[in-house]
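Undergrad: Just so you know, the sequences run in chain order A and W. Residue 325 in the numbering used here is what sits at position 325 of the first sequence, and the numbering runs on without skipping anything. Each number in the numbering used here comes from the position in the second sequence (counting from 1) with 1000 added on.
A few of these clues could be false.
[To be verified] When the alpha-carbon atoms are kept at most 27 Å apart in a straight line, the in silico DSS-like pairs for lysine-lysine are as follows:
no., chain 1, residue 1, chain 2, residue 2
1, W, 1114, W, 1313
2, W, 1313, W, 1062
3, A, 62, W, 1062
4, W, 1007, A, 62
5, A, 62, A, 314
6, A, 314, W, 1002
7, A, 35, A, 7
8, A, 2, W, 1313
9, W, 1007, W, 1035
10, W, 1062, A, 114
11, A, 114, W, 1002
12, A, 114, A, 314
13, A, 35, A, 2
14, A, 62, A, 114
15, A, 114, W, 1035
16, A, 7, A, 62
17, W, 1114, A, 62
18, W, 1114, A, 7
19, A, 7, W, 1062
20, W, 1114, A, 2
21, A, 313, A, 114
22, W, 1062, W, 1007
23, W, 1114, A, 35
24, A, 114, W, 1114
25, W, 1002, A, 313
26, A, 2, W, 1314
27, W, 1114, W, 1314
28, W, 1062, A, 2
29, A, 35, A, 62
30, W, 1007, A, 114
31, A, 62, W, 1002
Rather than coming from a laboratory, the hints here were simulated on the basis of the structure.
2 protein chains.
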Amino acid sequence: MKPVNLKRLAEELNLSIATVSRALQDSHEVSAATKERVRALAAALHYEPNAYASSLRRNQSKTIGVVIPKVTNHFFSLAINGIEEAARQSNYHVLIYLTHDDHAREVAIIQHLKGGRVDGILLSVASGTEDIAHIQSLAPANIPVVFFDRVCAEIATANVTTNDYESGYQATEHLLAAGCHHIAHLLISNNLSIGRNRQQGYLDALQAHGLPPDADLVLPDTTNRAHNEELLRELLQRRPDIDGIFASVEHLAVSAYHVCRELGRRIPEDVKIVGFSNLESVSLFDPPLTTITQPAHDIGREAARILLRALEKKRPILPSQSVVLNSELVQRRSSEQG
Amino acid sequence: MKPVNLKRLAEELNLSIATVSRALQDSHEVSAATKERVRALAAALHYEPNAYASSLRRNQSKTIGVVIPKVTNHFFSLAINGIEEAARQSNYHVLIYLTHDDHAREVAIIQHLKGGRVDGILLSVASGTEDIAHIQSLAPANIPVVFFDRVCAEIATANVTTNDYESGYQATEHLLAAGCHHIAHLLISNNLSIGRNRQQGYLDALQAHGLPPDADLVLPDTTNRAHNEELLRELLQRRPDIDGIFASVEHLAVSAYHVCRELGRRIPEDVKIVGFSNLESVSLFDPPLTTITQPAHDIGREAARILLRALEKKRPILPSQSVVLNSELVQRRSSEQG
DNA sequence: CTGTTAGCGCCTTCAG
DNA sequence: CTGAAGGCGCTAACAG
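Between the sequences and the hints, there should be enough to build the whole structure, so can you do that?
TA: Here is the structure:
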C-alpha cells in the first residue's frame, strides 16, 4: 500500500505537488475546480499531512510542552484540562512532562525541549529548583515560557497565579476569627513562590493581630507522604496548644485532617483546619474541612492562552500580561444527618 | 546568533555533517578522538538535535499519544503517571488528548494522529463510542494501539484491564453478606466494556444468591454530575427499600454517598455503599465508604510498556499480550474519634 | 575512519 | 492559475 502524501495525490490528479499543497491550504491562487478535485481525492484516500515534515519546513511544531511536578495532584489535573481546551481551540498539541519535583529531571526536560519539539512551554517549577540557568537558556533559544502557579520571579515573562498572599492572610484571619490562638502553618519547601507568599500572608495576619509567628512547619519533602505525616504528628504532640492549622498545600490539608483524627483531636472543637485543596470530595468530609480552592482549570487555560496568543502573533511575552486569579475560601457546613 | 545544528558543528570542526552525526550517535566507525572533539563542541554550544528532522528521516517520532476521556478523574491521572514513567524510561514522549467522552472528538483526534505525529496510541475509549471505524483505520496506517481500562473488544490488540467482572461480583457479595436485600447498581452508559463486565458480575452474584436483578440505574451522561445526582435522588426516593448501592464508576460512588447523606439515609445503617474509586481522600469520609480501588498507575505503566516494547522491537501487538490486573476491595473502618 | 550524495514530506520563492 | 526547484535538519547508503 503506497503512502498517501502530496506526491501521491499529485500523481493521481496529474497536478504538481505545489498545486496540491496550495489547494489543501485553500490558497487564493488556485482555481475552485482544482481545489475541489484535490480535496475530494484527499478525503477519499484519508490523506493526513505529515506533521513533522511541515514542522521542519515551517520551523514550528504547533505543540506546547507542559512541565509540571505531578499529575496526581488535583490542581494540576484541572490545569491540564484547561490547557488542553485552549490548545485544541488553537489547533495545538500538548506534550506532558512530569518532574516529580526533581530539579535534575526538570533540567533534562527543558534542555531536551530546546530541540524544537515544542514552540513554547507552560511551566510550574519543581520545588527543588533554585538554580534557574536551564530556564534562562530558553529565551535565547527563542522558546517562550509562561509560568503558572509556581512561578520563577527572576524570569521576565507572564505568570498566571492566584492571590496567594491574600489567601494566606485570609485563611489565618479566618482561624483567628474562629477563636484560634496558636495557628500552625504547614508548607512544603520554602523556595517556591507560592509557599513564600502564602507564608507571608500568614505571618502578616498574625502580626496585624499582635501575635508572634507561631509554629511554622516546613516539610522538606514533597513525595514522601508518610514522612510528612510523621513530622506533623510530632509537631502536634509536642505542641498540644495548637488549635488551628493552615495547610498551604493540597496534600497537606488532607494529611493534617488525617493526623488530627488519628490523634483524637476533634475537628473543629479542638483544632480548626483551613487548607488549600481542589479535591471535590473534601466536601464530603465530616466534620467539614474549610478549603481554599484555586480556579485551577482557569489558571491552566489562561496560561495556555497567553502562550498561544504570543505564538500565533509571534510576539514576545511581557511580564505585564501576567494574570492573578482569585482563590475562593469555602467554609463547609457540617451536614447534620438524620 | 547562528543556529546550532549539525552543519554548524561540522563547519567549526572542519568535518562533514555525516561524521558529526555519526559521532553524536556513538557510531563504531568514528575515531575516539573525533568523537571527543565533536562531543566537546556540541556540549559547549548546547547543541540539541532537531527532533522533527530526525523523525522525518527515520520515520518514527519517539512519541506516543494518550487518548483518554478526561484527566480530572483520578484513575486517569494515576494512569498518566504510570505512562509517563514508562515513556521516560524508553526515551519516548507523551502527547495527551482528551475526548471528554465525545465520540466525534475521539474520531477527529485519531484521524489526526494518523499524520505520523505518534508511533503508537494508548486509548481508553469514550463512553459514546459505538462506531469503531476510526480505530480500525489505525491498523492499515501502521499505528499500534493498546487499550487500557475501557477496551474495544472488536479490535485485535492487547488490553490492560482490571478484573471487572470479579470486582462487580465481589462488591455485590460484600453487600449481600452485610445484610443488604435490595442492591442498586449504578453505571454510566452501557456500551463500555468495563461497565458491562461489572454489571454482569453484579447480576450473577444476585442470581447465585437466588435474587432477581434489582434496580439497575444506567445514567446516560457522564459529564453532567448534577443531573446524575438528580436521577439518583429520584431513584432513592422512589425506592425506599434500597439498602445497598454498588457504584461502578469513580464519580458515582462519591455522588451516591453525597445523595444518601442529603436524603438523610444513614450510612451504613440504612444504606451500604461500595464504589469504584481511586481517590485517596475517600479514606477520610466518615462514615466510611468501602471502595474498590484499581491499580491505576500500574495499568498505565503496563499498557505503555506493551506498546513501547512493540515499537522498539517493531513487532505487532498480539491480543495474547493482554494483562488483567486485580482491583482491591478496601473496607474502611469507622475512625472512632475521641 | 571520513566524505559525498540523496531524500524523508512539505512549503515557498520564482518562473511562466 | 500552475509547475519547477530548492531546502528545512538529519540519516543512511555508498564511496573512498
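Undergrad: Going through the numbered hints above, which ones does this structure break? Give me the numbers in ascending order.
TA: Result: no hint breaks.
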